[in-house]
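Participant: Sequence:
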Amino acid sequence: MPEAIWISFAFVLGLAVKSMGLPPLVGYLAAGFVLSGLSATTELTIEATDALGHIAHLGVLLLLFTVGLKLKLRSIVSPEVIGGSLLHFTITCAVFTPGLFLLMDLEWQTALMLAVALSFSSTVLAAKVLESKRELRAFHGRVAIGILIMQDLIALVVMSLAAGQTPSQWALIVFGLPLLRPLLFRLLDASGHDELLVLLGLLLALVLGGYGFESVGLSSELGALVFGAMLAKHPRSQELAKSLWSVKEMFLVGFFLQIGIGGLPDSQALMFAVVAALVLPLKGMLFFFLLLAFRLRARSSFLSALALTNYSEFGLIVASVALPQWLVPLAISVALSFLFSAPLNRFAHSLYERVSHRLDPFESRKHHPDEQPISLGSTRVLIMGMGRTGTAAYDWLKDQEPDLMGLDSDPAKALKHQKEGRNVVFADAEDSSFWNALHMPAVQAVILALGDIEGKLIAARTLRKMGFKGYIVAHTMFTDEARQIREAGADDAYLTMNETGVALASHILNKSPVTGKHPDASGVG
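Per our numbering, residue 1 is the first one in the sequence shown, and the count goes up by one each step.
Calculated directly from the structure, the hints in this document are not laboratory data. Beta carbons are placed, not taken as given, at the ideal position from N, Cα and C, and that holds for glycine. Any given hint could be a false lead.
Pairs of lysine to any residue, SDA-like flavour, derived with a Cα cap of 20 Å [unchecked claim]:
no., residue 1, residue 2
1, K242, S132
2, K413, Q444
3, K398, Q444
Pair ranges (Cβ atoms, derived) [to be verified]:
no., residue 1, residue 2, range
4, V207, A51, 16 to 22 Å
5, A392, R236, 15 to 21 Å
6, S8, E420, 38 to 44 Å
All chains should be modelled from the sequences, with the hints used to inform the complete structure.
Facilitator: Here it is as structure tokens:
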């Protein structure tokens, strides 16, 4: 069974790459190319099967569905998303098309389609990287995902034109999908917390979203994304996303394996991929300066641009329709861009800290949409991260500490808290430039309730660097992370599950007749 060998290779190389501090997906890509190399140099016959293709496709659909679950479409409709994506696409095609035409002696149509394929960024990689760092809802994460969605829509139009096909008349049905939202909400409520919840996610992502859109001549990827976005406002949308996490991760291994197993390139394909990799930084720079032109801060522009500095699997899909002879060179270009982009995004925040003094002068002096507060006024207790843990801490403290403030990197979440009466503002606690410009004369204690370890380390380290002498406390799931947080400057770092057990035990003492003594069998104390 060839799939068993592929899984073994993927696990070994994924584990090896992870030990080097890189995302396992780089190892999965490498495993595919190793298998392809073995097929070329030995008598082994290794080729992508229909089963692997189906698994890869399901992985992409589930990823896009979970991305949709975390999106609020009204936040995507913004000048920097629409303008940034369209301008980047137009400029890239205008520059790449004549370049490819002159340097590679191609026909104009071929050069244009290659330019279009290279203009897209990877939805799979960017969403996976942002999701792993819990930054899908951060300002820069939403900008990046919004641009990717715009690119995906452009890709769908290009594929339809290249294939000479148009959606069927039944495609108009999709405009009535919002009417199904109450029914979908009821189904999600009725599905409970176990296997029915997983099955509902698979039904919506793969059947109604994937197959349903495909059957009316639309993209199955778009369908999965749309059905996820329809459930984004439901209180249990994040629970649904978590329930699908393992299934999605398993299927995505097939996607990355499929790219590598597609075949080894010849010298011309390698040369094309190397040149494409060399111009990749220009793609990121163009995104950076375009976002600056829409008055984003340098940090938001840098993090969004870095997430978009890669080539797209959608480019491969476009090539499979319009330029099948260029599929392998483009696949190598995509793989090389992943090798370049994945490790850089892993260290994106610390990388920005090192280059911020060179990038900040490019910021517009006008007001920008990701403006953050520069003074906390009389705030005495600050909570960074207003998820479930931060919100619980805020609600427990609010009656005892009137000068309380929460920060969150999701503007929509901050607005929701404000409507519920909490003093919460938008700010990215991982932004060192935010802390350096911040005036907090009365703050005495800081609670780090951020979702990822990198944010907690940066916030603690930056606070101490700027001279904060107050109390810093954090929570984490892992003992090794607790040690890192303390070393970064926090006074205490508590293990979340341990504290949950302590809290449960305290309820026994506070709300039950337990007195600390156990009666004997006769009932006499």
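Participant: Which numbered hints does this structure break?
Facilitator: 2 and 6
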